[in-house]
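Top to bottom, those sequences are chains A and B. If you read the first sequence in this note's numbering, its first letter stands for residue 1, the second for the next number, and so on. If you read the second sequence in this note's numbering, its first letter stands for residue 1, the second for the next number, and so on.
It is possible that some hints are incorrect.
Quick look at which bits of chain A chain B covers, simulated, 3 or more residues with Cβ under 8 Å [claimed, not checked]: (1) 7-15; (2) 49-59; (3) 114-126; (4) 138-149; (5) 157-163.
Label-pair distances were calculated between CB atoms; the ranges are [as the list claims (entries may be wrong)]: (6) B:D141 - A:N325: 30 to 38 Å; (7) A:V236 - B:A74: 52 to 60 Å; (8) B:L47 - A:E195: 29 to 37 Å; (9) A:G264 - B:N75: 41 to 49 Å; (10) A:V327 - B:W64: 52 to 60 Å; (11) A:V2 - B:L47: 32 to 40 Å; (12) B:K252 - A:H53: 20 to 28 Å; (13) B:D141 - A:R321: 27 to 35 Å; (14) A:Y252 - B:A74: 26 to 34 Å; (15) A:N219 - B:Q214: 53 to 61 Å; (16) B:A74 - A:L403: 28 to 36 Å; (17) A:E88 - B:K217: 40 to 48 Å; (18) A:K177 - B:K217: 36 to 44 Å; (19) A:E328 - B:K181: 20 to 28 Å.
Quick caveat, the hints were computed from the structure, so don't treat them as lab data. For every residue, glycine included, the Cβ atom is placed at its ideal position computed from N, Cα and C.
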Amino acid sequence: MVETKIKVDYLARVEGEGNLYIKVIDGKVERLEVGIFEAPRFFEALLIGRRFHEAPDITARICGICPVAYIFSSCRAMEKLFNIKIPEEIEVLRKILYYAEWIQSHALHVFFLHAPDFLKVDSIMEIAKIHPEITRKALKLKAWGNRIIEIIGGRSVHPISCRIGGFYRIIKREELKEIYEKKEEMQNLAKELLEWIMTLNIPKMERDFENVSLRNDENEYPLIGGRVISNKGLNVVEEEFEKFIEEFQTPYSTALRYKIKGRGPYLTGPLARYNNNYDRIRGEVKETVEKQGYQAPLRNTFQSIIARAAEIYHATLEIGRLIDNYVEPQKPYIEVEVKSGTAYGITEAPRGILYHAYEVNEEGIIEKANIISPTAQNLAYIEKDLLELIPELLKMNYNDARLLAEQTIRNYDPCISCSTHFLKLKIERKP
Amino acid sequence: MNIKLAVFKFASCDGCQLQILNMEDEILQLTGKIEIAYFMEATSRKLEEPYDIALVEGSISTKWQEKHIEKIRANSKYLIAIGACATAGGIQALRNWSKNEDYSKKVYPKPEWIDTLAESKPISDYVNVDYEVRGCPVNKDQLLWILSQLIIGKEPFTPTHSLCIQCKIEGNTCIMVADGKPCLGPITMAGCGALCPKYNRGCYGCFGPMDASQAEKLAEHFINMGMSKREVTLMFKGFTSWSKPFRKVVSKYGGDED
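The task is simple: from the sequences and hints, build the whole structure.
Next up, the structure:
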């Protein structure tokens, strides 16, 4: 009997606390678990009894890396329920803020968490020794993303300026000047870094996964709202999405998992978004990736790092265009008239589609909440991906196999802090 | 000799430790003075204990965490609690008011697979904490300041006055006086730069109570402004609700209601 075990007690360079356990006996997989031991924080229960306008600030605390995503998914849900039409000026500002979060979050993952895998080092501090210029540029770009969030949001982690209906105050064009002046420099940096990422030694593989992302009617790369689509025929409105997926719990994890009903695990995130919306990404981005021989769709999850770097470049270009179009609104927000009912909203978080649903009563009090994070959606697919990787892993020595398995998990930029708190309320609320 | 820095996470959103990685201009300089001995989000390289400085993010909310924090304390010269979760239990401490003994029963389909305590509590409820850095999230400049003070061998300190004072220093118009908006600024610890009033909204207390805060007096003032008990309760029942002064107000106006 030949027994092979791969065990990682605490996965490094991911957000939050997870582990990995693989056991193979005579080539047959006995156990394969991506475990989540992050302490649950019960957000869906905490939201009950809170006022509708508190949802953005409270849910932002689910994730320190993508708080803007939580703010906008909850705003989207409430605004749809209350039939609020957000004026173009406010939409433009929201898009700038959201793209800035993509830049800082993607730059964190690409350079701090993921690139070390491709270069066989432990951290960005080590990359800084081999590629000091690249590191300096990556930090500069990440800082620009954070600076944009600071200016529009007040601070980069848990920004304070957003509310249902818009912003707490008008952001002046003058305030955006500082970031606008650096846009060309940042676009050039982003292009150069994308080119550098494509020169990394990316493992070869091909998978037939289901890409799930938003797609909108405005002919734009998806950010806030739209239809949820896939390359295997999914095409539903935000309100219907939950009916098409199935959730399940496992004994080794504090996060729930998801699959498409009748089909199985699926992928959400930059790779899925890029594959489903390649026709809407900026031409400059297409030109850069195609020059190095990459064609959409990308079917290799190790190439998610390219999709992320491509989205960073796209975001820098779009922020430039959006600031050009930004006109200060007359009023910073639209007044809300509370209506009871169920609120549904989906936006594209850096890590993929983020679903919020709330039942709100006539006083605007939340009676039930359900939030499905991108990482929770990806967990089942991560395990499927690892399962398919087993024959490769068995050919390698232990250390290389462990590192490749870890790298495979990091391909998804899992945010474990996010994934842990999404637990459906199974019993009725208290009277 | 380089200072050995360790970063630990308990129940939290990662936002406070992210502030370290957000020091884009300083991180490479810092690594000249500080050796990162343990920081799972940033590096897979781990150095042996003991540590000179342990930064601890998150609240204690599971049995495993109760044991782990004691081990960290024993192995660290300075233990610094960073952020609202580590210093006040965080937003997840809202569950501390729940009547139900086992919260997870309400939330998980299979609660027997979950190990969690009924309450979420700050680090100082379990071990001696040398310094606390407030905020949800911490202000990265304040964190950097404390680290640099320790590096040069000085006793670090952070302001203990209210956000209200900060607002005056910054020259903001008082939104409570001018616009009649409720604001926790008069009793909240300074440190964020008075951000919310700058963006035309009331402070929501994410840095927690200042020293000798008059939380109950402010709550009375809110009632006199015409706010309902429920609204007042919700204002104090936020990101630092389990801090003693805020807890008192919540118990007085909200009691066990959830």
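Hint-by-hint comparison with the structure:
With 6 residues carrying a beta carbon less than 8 Å from a beta carbon of chain B, the region 7-15 of chain A meets the three-residue requirement, and the given coverage holds. Proximity of the region 49-59 of chain A to chain B, defined as three or more residues with a beta carbon under 8 Å from a beta carbon of that chain, is established by the 6 residues found. With a threshold of 8 Å between beta carbons, the proposed coverage of the region 114-126 of chain A by chain B holds, since 5 of its residues qualify and at least three are required. Taking a C-beta to C-beta cut-off of 8 Å, the region 138-149 of chain A contributes 5 residues in contact with chain B, enough for the three needed, and the coverage statement holds.
Counting residues of the region 157-163 of chain A whose C-beta sits closer than 8 Å to any C-beta of chain B gives 5, which meets the bar of three, so the coverage hint holds. For D141 of chain B and N325 of chain A, the hinted distance range of 30 to 38 Å is satisfied, since their beta carbons lie about 33 Å from each other. The hinted range of 52 to 60 Å is satisfied by V236 of chain A and A74 of chain B, whose Cβ atoms lie roughly 54 Å apart. At about 35 Å, the CB distance of L47 of chain B to E195 of chain A agrees with the hint of 29 to 37 Å.
Between G264 of chain A and N75 of chain B the Cβ separation comes to about 45 Å, which falls inside the hinted range of 41 to 49 Å. Our hint of 52 to 60 Å for V327 of chain A and W64 of chain B holds, since their Cβ atoms are close to 53 Å apart. At roughly 35 Å, the beta carbons of V2 of chain A and L47 of chain B sit within the given window of 32 to 40 Å. The supplied range of 20 to 28 Å is met by K252 of chain B and H53 of chain A, whose beta-carbon atoms lie about 24 Å from each other.
The hint said 27 to 35 Å for the Cβ distance between D141 of chain B and R321 of chain A, and at roughly 32 Å that hint holds. Distance hint check: the CB atoms of Y252 of chain A and A74 of chain B are about 29 Å apart, consistent with the given range 26 to 34 Å. Hint check: N219 of chain A to Q214 of chain B, Cβ distance near 56 Å, so the stated range 53 to 61 Å holds. For the pair A74 of chain B and L403 of chain A, the beta carbons lie near 32 Å from each other, so the given range of 28 to 36 Å is met.
In this structure, E88 of chain A and K217 of chain B meet the distance hint of 40 to 48 Å, their C-beta atoms being roughly 45 Å apart. Against the hinted window of 36 to 44 Å, the Cβ-Cβ separation of K177 of chain A and K217 of chain B comes to about 43 Å, which satisfies the hint. At about 22 Å, the beta-carbon gap between E328 of chain A and K181 of chain B stays in the expected band of 20 to 28 Å.
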